[in-house]
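Listed in order, the protein sequences are those of chains A and B.
Per my numbering, residue 1 is the first one in the first sequence, and the count goes up by one each step.
Per my numbering, residue 1001 is the first one in the second sequence, and the count goes up by one each step.
If you are wondering where the hints come from, they were derived from the structure by calculation, not from laboratory data.
Don't take each hint at face value.
[As the list claims (entries may be wrong)] Just some of the chain B residues that point at chain A, by a computed CB distance under 7 Å:
#	residue
1	G1043
2	K1101
3	F1104
4	K1106
[Said to hold, decoys possible] Derived DSSO-like pairs (lysine-lysine); straight-line CA-CA distance at most 30 Å:
#	chain 1	residue 1	chain 2	residue 2
5	B	K1077	A	K41
6	B	K1068	A	K41
7	A	K41	B	K1109
8	B	K1077	B	K1049
9	B	K1052	A	K41
10	A	K41	B	K1106
11	B	K1101	A	K41
12	B	K1109	A	K20
13	B	K1049	A	K41
14	A	K55	B	K1106
15	A	K14	B	K1106
16	B	K1077	B	K1109
17	B	K1101	A	K64
18	B	K1068	B	K1052
[As the list claims (entries may be wrong)] Sample of chain B residues lacking proximity to chain A, with all beta carbon distances greater than 10 Å (derived):
#	residue
19	V1011
20	T1012
21	S1014
22	A1017
23	N1022
24	T1026
25	Y1030
26	A1053
27	D1054
28	E1069
29	T1071
30	G1078
31	S1079
32	S1083
33	D1084
34	T1111
The beta carbon of each residue, even a glycine, is placed where N, CA and C say it ideally should be.
Now for the letters of each chain:
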Amino acid sequence: GAVVSQHPSRVICKSGTSVKIECRSLDFQATTMFWYRQFPKQSLMLMATSNEGSKATYEQGVEKDKFLINHASLTLSTLTVTSAHPEDSSFYICSARDSWNTEAFFGQGTRLTVV
Amino acid sequence: GDSVTQMEGPVTLSEEACLTINCTYTATGYPSLFWYVQYPGEGLQLLLKATKADDKGSNKGFEATYRKETTSFHLEKGSVQVSDSAVYFCALRRGQGGSEKLVFGKGTKLTVNP
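For reference, chain A alone in the conformation it holds in the complex (with noise of 0.2 Å):
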């Protein structure tokens, strides 16, 4: 199947800094990618929506303000956590999908821990 990287896999950053999340599709053009939160021993909730070119549409209260979802191309979108907070220590991941398919790819995930 296609190939969807996530950069880095872990992070720590102190409080009040941000944290930039890369995601990448490697073989094919991910004209909609999709970001995820997990908590322990939660379900992946869906953050945000994006297509390339367009603002990110967020799921009911994920704080746009906080959570800067950029996808200026298609084999590159990024997730800029700000001001992060010891709350916000989570596992985010993302998916991408191309036009033609209506399956989505998942890069491994990014474990964000904030001291």
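Given chain A, put chain B in place with the hints provided.
Relative to the frame of chain A, chain B by itself:
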């Protein structure tokens, strides 16, 4: 709203044992149903899917049947291997095209011992 409930883990089995991971869902209409697997250090991979009632998805010896009457999509395998050790997620999707969203269960960690 839509939701997926799957069996709490962790599940520990010996090699060649039978596996069942229960999954039930709540959704309006006719969602598509999925099982994803996440091996250690890797992203989620689609394991199998079913798009309508009574469909059976199968892959790598795993099977699941879309049961609308019981709103279930239980994952089964007759003989597990050590290499099946992973976290398994049940999920549903409604909508078509760009509006589709996946709703996941909490995941069930499976460990298979030799």
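Cross-check of the supplied hints:
{"no.": "1", "hint": "G1043", "result": "4 Å, holds"}
{"no.": "2", "hint": "K1101", "result": "6 Å, holds"}
{"no.": "3", "hint": "F1104", "result": "4 Å, holds"}
{"no.": "4", "hint": "K1106", "result": "5 Å, holds"}
{"no.": "5", "hint": "K1077/B - K41/A", "result": "24 Å, holds"}
{"no.": "6", "hint": "K1068/B - K41/A", "result": "27 Å, holds"}
{"no.": "7", "hint": "K41/A - K1109/B", "result": "10 Å, holds"}
{"no.": "8", "hint": "K1077/B - K1049/B", "result": "15 Å, holds"}
{"no.": "9", "hint": "K1052/B - K41/A", "result": "29 Å, holds"}
{"no.": "10", "hint": "K41/A - K1106/B", "result": "6 Å, holds"}
{"no.": "11", "hint": "K1101/B - K41/A", "result": "21 Å, holds"}
{"no.": "12", "hint": "K1109/B - K20/A", "result": "29 Å, holds"}
{"no.": "13", "hint": "K1049/B - K41/A", "result": "23 Å, holds"}
{"no.": "14", "hint": "K55/A - K1106/B", "result": "29 Å, holds"}
{"no.": "15", "hint": "K14/A - K1106/B", "result": "28 Å, holds"}
{"no.": "16", "hint": "K1077/B - K1109/B", "result": "15 Å, holds"}
{"no.": "17", "hint": "K1101/B - K64/A", "result": "18 Å, holds"}
{"no.": "18", "hint": "K1068/B - K1052/B", "result": "8 Å, holds"}
{"no.": "19", "hint": "V1011", "result": "14 Å, holds"}
{"no.": "20", "hint": "T1012", "result": "17 Å, holds"}
{"no.": "21", "hint": "S1014", "result": "25 Å, holds"}
{"no.": "22", "hint": "A1017", "result": "24 Å, holds"}
{"no.": "23", "hint": "N1022", "result": "15 Å, holds"}
{"no.": "24", "hint": "T1026", "result": "13 Å, holds"}
{"no.": "25", "hint": "Y1030", "result": "15 Å, holds"}
{"no.": "26", "hint": "A1053", "result": "19 Å, holds"}
{"no.": "27", "hint": "D1054", "result": "21 Å, holds"}
{"no.": "28", "hint": "E1069", "result": "24 Å, holds"}
{"no.": "29", "hint": "T1071", "result": "17 Å, holds"}
{"no.": "30", "hint": "G1078", "result": "25 Å, holds"}
{"no.": "31", "hint": "S1079", "result": "25 Å, holds"}
{"no.": "32", "hint": "S1083", "result": "18 Å, holds"}
{"no.": "33", "hint": "D1084", "result": "18 Å, holds"}
{"no.": "34", "hint": "T1111", "result": "16 Å, holds"}
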